[in-house]
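S.K.: Dock chain B against the given chain A, drawing on the hints supplied.
Residue numbers (the numbering used here), protein chains in the order written: chain A, 1 to 453; chain B, 1001 to 1089.
I should point out that these hints are in silico values taken from the structure, not numbers from a laboratory. Heads up, the beta-carbon is just placed ideally off N, CA and C, and yes, glycines get one too. Honestly, I wouldn't trust all of these hints.
Stated by the list, open to error - DSS-like cross-link-like pairs, simulated, lysine-lysine; straight-line CA separation at most 25 Å:
{"id": "1", "chain 1": "A", "residue 1": "Lys67", "chain 2": "B", "residue 2": "Lys1027"}
{"id": "2", "chain 1": "B", "residue 1": "Lys1088", "chain 2": "A", "residue 2": "Lys67"}
{"id": "3", "chain 1": "A", "residue 1": "Lys230", "chain 2": "B", "residue 2": "Lys1088"}
{"id": "4", "chain 1": "B", "residue 1": "Lys1071", "chain 2": "B", "residue 2": "Lys1010"}
{"id": "5", "chain 1": "A", "residue 1": "Lys67", "chain 2": "B", "residue 2": "Lys1074"}
{"id": "6", "chain 1": "A", "residue 1": "Lys59", "chain 2": "B", "residue 2": "Lys1069"}
{"id": "7", "chain 1": "B", "residue 1": "Lys1071", "chain 2": "A", "residue 2": "Lys246"}
{"id": "8", "chain 1": "A", "residue 1": "Lys67", "chain 2": "B", "residue 2": "Lys1002"}
{"id": "9", "chain 1": "A", "residue 1": "Lys317", "chain 2": "B", "residue 2": "Lys1088"}
{"id": "10", "chain 1": "B", "residue 1": "Lys1069", "chain 2": "A", "residue 2": "Lys67"}
{"id": "11", "chain 1": "B", "residue 1": "Lys1071", "chain 2": "A", "residue 2": "Lys67"}
{"id": "12", "chain 1": "A", "residue 1": "Lys245", "chain 2": "B", "residue 2": "Lys1088"}
{"id": "13", "chain 1": "A", "residue 1": "Lys67", "chain 2": "B", "residue 2": "Lys1022"}
{"id": "14", "chain 1": "A", "residue 1": "Lys246", "chain 2": "A", "residue 2": "Lys317"}
{"id": "15", "chain 1": "A", "residue 1": "Lys55", "chain 2": "A", "residue 2": "Lys67"}
{"id": "16", "chain 1": "A", "residue 1": "Lys264", "chain 2": "B", "residue 2": "Lys1088"}
Unchecked claim - Some chain A residues flagged as far from chain B (calculated, every beta-carbon gap over 12 Å):
{"id": "17", "residue": "Ile15"}
{"id": "18", "residue": "Lys55"}
{"id": "19", "residue": "Ser65"}
{"id": "20", "residue": "Lys66"}
{"id": "21", "residue": "Gly69"}
{"id": "22", "residue": "Val88"}
{"id": "23", "residue": "Val94"}
{"id": "24", "residue": "Ser236"}
{"id": "25", "residue": "Thr252"}
{"id": "26", "residue": "Gly255"}
{"id": "27", "residue": "Gly284"}
{"id": "28", "residue": "Glu293"}
{"id": "29", "residue": "Val302"}
{"id": "30", "residue": "Ala322"}
{"id": "31", "residue": "Lys431"}
{"id": "32", "residue": "Asn453"}
Claimed, not checked - Simulated restraints on C-beta separations:
{"id": "33", "chain 1": "B", "residue 1": "Lys1069", "chain 2": "A", "residue 2": "Asp56", "range": "41 to 51 Å"}
{"id": "34", "chain 1": "B", "residue 1": "Ile1055", "chain 2": "A", "residue 2": "Val207", "range": "41 to 51 Å"}
{"id": "35", "chain 1": "B", "residue 1": "Asn1029", "chain 2": "A", "residue 2": "Lys264", "range": "55 to 65 Å"}
{"id": "36", "chain 1": "B", "residue 1": "Lys1069", "chain 2": "A", "residue 2": "Gly90", "range": "29 to 39 Å"}
{"id": "37", "chain 1": "A", "residue 1": "Asp56", "chain 2": "B", "residue 2": "Asp1011", "range": "35 to 45 Å"}
{"id": "38", "chain 1": "B", "residue 1": "Ile1055", "chain 2": "A", "residue 2": "Asp56", "range": "16 to 26 Å"}
{"id": "39", "chain 1": "A", "residue 1": "Val283", "chain 2": "B", "residue 2": "Gln1040", "range": "17 to 27 Å"}
{"id": "40", "chain 1": "B", "residue 1": "Val1033", "chain 2": "A", "residue 2": "Gly412", "range": "48 to 58 Å"}
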Amino acid sequence: MINNRNEIVETIRMIQEENLDVRTITMGISLIDCMDTDINRSCEKIYNKVYKYAKDLVKVGNEISKKYGIPIVNKRVSVTPIAMLVGVSGGDPVLYAKTLDKVAKDIGIDFIGGYSALVQKGFAPGDRELIDSIPRALNETSFVCSSVNVGSTRAGINLDAVKIMGEKVREAAELSKDRECIAASKMVVFCNAVEDNPFMAGAFHGVGEADCIINVGVSGPGVVRAAIAKTPKDASISEIADVIKKTAFKVTRMGQLVGVEASKMLGVEFGIVDLSLAPTPAVGDSVAHILEEMGLEQCGGVGTTACLAILNDAVKKGGVMASSRVGGLSGAFIPVSEDAGMIDATESGALCIEKLEAMTAVCSVGLDMIVIPGDTPAEVISALIADEAAIGMINCKTTAVRVIPAIGRKEGERLNFGGLLGYGPIMPIRKLSPKTFIDRGGQIPAPLNSLKN
Amino acid sequence: MKAIISVVGKDTVGILAAVATKCADYKVNINDVNQTIIDQYFTMYMVVGLDELTIPFTQFVDEIQAVGKEKNLKIDCMHEDIFNMMHKI
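Isolated chain A (complex conformation) (with noise of 0.2 Å):
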């Protein structure tokens, strides 16, 4: 049964002036039956595996497109963390990062993510090594995306792995530093990571999944901004969670009907739609400008934390009764160099990375795209993941940072990284020197889950 006039015009402005997309099909496989002694052998079955099940994935996804009018803007792959595979294997872990390359690559996708290992509670065998190639393996490399989890609410946090990925992050960053010191943009370091997240930099194949599946990540902050912005300047807040509702739940049918088209025609179990709100740089595409049309002068000052609070939970509420599985991390993002309204708030100083802190307490993920003077020593970077790890491990979701040390350049400049990734203003950060507490390893134990305050 066709819809009504209304409802046909809605979708169409929906999609066609207020830039709602489909982010993300991302294909989730695993790797454990590539393992092998000989890396060179492990690395083929990889290259087998992964061509043989995700060679048509472009071509399903811009089918799909061009049959409900609806955009996918990007098409990509996540497999098992290759630590476990360096682990067995042993040999230089870059090998695997390569093959991956040439394999997204080869079958036309956008990102593959998966150069990930979980520490949260101490080293295996690989990760070590995987963790040390991470800078290489990302400015040797165009498409692969790492991830580490160094935390979680049940393991607590492992300091050391900490630690070396402050350390990482520079190195990634002085790596690229001619190329916009584009590699620290393509890691993440996780507290309580998921194993379905179809987003990058932070997408891997979790162990407990199944051997392929298909997610799907939406997005639609322009939807979201302009559905708030029809409700009257005196509608009470309630009215507007229950707009954000609505609209969440048009959104992610959508991400459902995409999701459950590409399985169906890849043969491949539907696995889990993700309901974030993921911005672009593009004018009209930003979550910043859905905190302000809910009433703030500029995000970042405050009631912001507020606002993203009511924007989370409602999105969430909205999209869960929309979707048959629901999954990844769910939430509204705030990466600040891939929102317009996140980076005009980083240049008028109005936001700053305390209150980015504060606010990755209520939002889906964390401290996201936000790029860093080029002078701030490791055991600083060390110290925020940290602090942003106790904010994930105490309340128990998932946090992270991606942050970029702007290697070379002087406050006041920028980054520029083009595409969804967008530009970044450096935000300044404290450098009182975290260096005693850092140094002192070991683990942050996993907190008390009762007397909650």
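M.R.: Chain B alone, transformed into the frame defined by chain A:
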């Protein structure tokens, strides 16, 4: 199976005829047409039946979009499922 054809652009002679001809070429049945002209801008939504469509749907989308390019209009064709999914529980 149905689809929605949407047309937006500057009003010129023969827009409806061009779209309708293309539909007829591939046995696409026009069930309903809604059109308005606001400030010389022509906006039309057409509900069409695809039961007897003679070519694959995505190819028909290409054909209908090509009419848009010829006439300097934005013409899209979207499968009905997206509207149904979005607005019906």
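S.K.: In ascending order, which of the hints set out earlier in this document are inconsistent with the structure?
M.R.: When the structure is compared with the hints, numbers 7, 17, 19, 20, 21, 25, 26, 30, 33, 35, 36 turn out to be violated.
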